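Engineer: Chains as they are written, first to last, in my numbering: chain A, 98 to 211; chain B, 118 to 228.
Since the hints were derived computationally from the structure, they do not count as laboratory data. If you're wondering where the values come from, they're calculated on a predicted model, not measured in any experiment. Check the hints yourself; a few may be wrong.
[Unchecked claim] Pairwise CB distance ranges (calculated):
| # | chain 1 | residue 1 | chain 2 | residue 2 | range |
| --- | --- | --- | --- | --- | --- |
| 1 | B | N119 | A | K199 | 36 to 46 angstroms |
| 2 | B | Q198 | A | G182 | 29 to 39 angstroms |
| 3 | B | Y147 | A | E98 | 24 to 34 angstroms |
| 4 | B | G146 | A | E141 | 38 to 48 angstroms |
| 5 | B | T168 | A | A115 | 26 to 36 angstroms |
| 6 | B | P211 | A | E98 | 24 to 34 angstroms |
[What the hints assert, rightly or not] Over 12 angstroms on every C-beta distance to chain B, these chain A residues come out as not near it, computed from the model:
| # | residue |
| --- | --- |
| 7 | I109 |
| 8 | S113 |
| 9 | V116 |
| 10 | G125 |
| 11 | Q138 |
| 12 | G139 |
| 13 | R161 |
| 14 | E165 |
| 15 | L167 |
| 16 | G169 |
| 17 | D183 |
| 18 | S184 |
| 19 | A190 |
| 20 | F201 |
Where is the CB? At the ideal position from N, CA and C, for every residue including glycine.
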Amino acid sequence: EAEVAQSPRYKITEKSQAVAFWCDPISGHATLYWYRQILGQGPELLVQFQDESVVDDSQLPKDRFSAERLKGVDSTLKIQPAELGDSAMYLCASSEQGAGEKLFFGSGTQLSVL
Amino acid sequence: GNSVTQMEGPVTLSEEAFLTINCTYTATGYPSLFWYVQYPGEGLQLLLKATKADDKGSNKGFEATYRKETTSFHLEKGSVQVSDSAVYFCALTPGNTPLVFGKGTRLSVIA
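Only chain A is shown next, with the shape it has when bound in the complex (with noise of 0.2 angstroms):
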């Protein structure tokens, strides 16, 4: 069954240092969802595409993230600067078209601000 892919699978890093995570939804899947999911609670939504476009990023804090799908294929969401507070799992999520449809997880970027 086809899969999402995310990248790295874990990343460290000090405060302050930039850091990018990447994920490719399932081939054919129009919408994309970016998530944070932080120890102990369930995932919340950052950002969602519908193709290339962004479609709701009203709980992306757009001072320090931001995230990119400039084909309307793979993703790119990016922390600069990185505050210890950002320490969390990272989900990407596609589905075939809108809000509603089943999801589809990747396995998500573990990330640790030092």
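Fit chain B to the supplied structure of chain A, relying on the hints for placement.
Structural biologist: For chain B alone, coordinates are given in the frame of chain A:
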């Protein structure tokens, strides 16, 4: 706003015990309801869903019934196995908006 409340974990059960994980929700309109499961070291995957009142979602021996009158979607399984040990997330979407997740409930099943 839209929100999901799950029972606090962790839940520890012996193999073959009956499982219930409570989930209640607050939402506008008539949301679709989901249970996702996260096995150790893996991403979340859809376990089951229900899209309208009185629908029952089922998969791998798990069941949940959409109860509009009590705004609930409790997850049940008659006989759990060690391999069911995971974190279970209740989630909803009112329709055209991304999933909203509960905090998750960790289940540990011991032999």
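Engineer: Among all the numbered hints in the text so far, which are the ones the structure does not match?
Structural biologist: 1, 4, 5, 11, 12, 19 and 20
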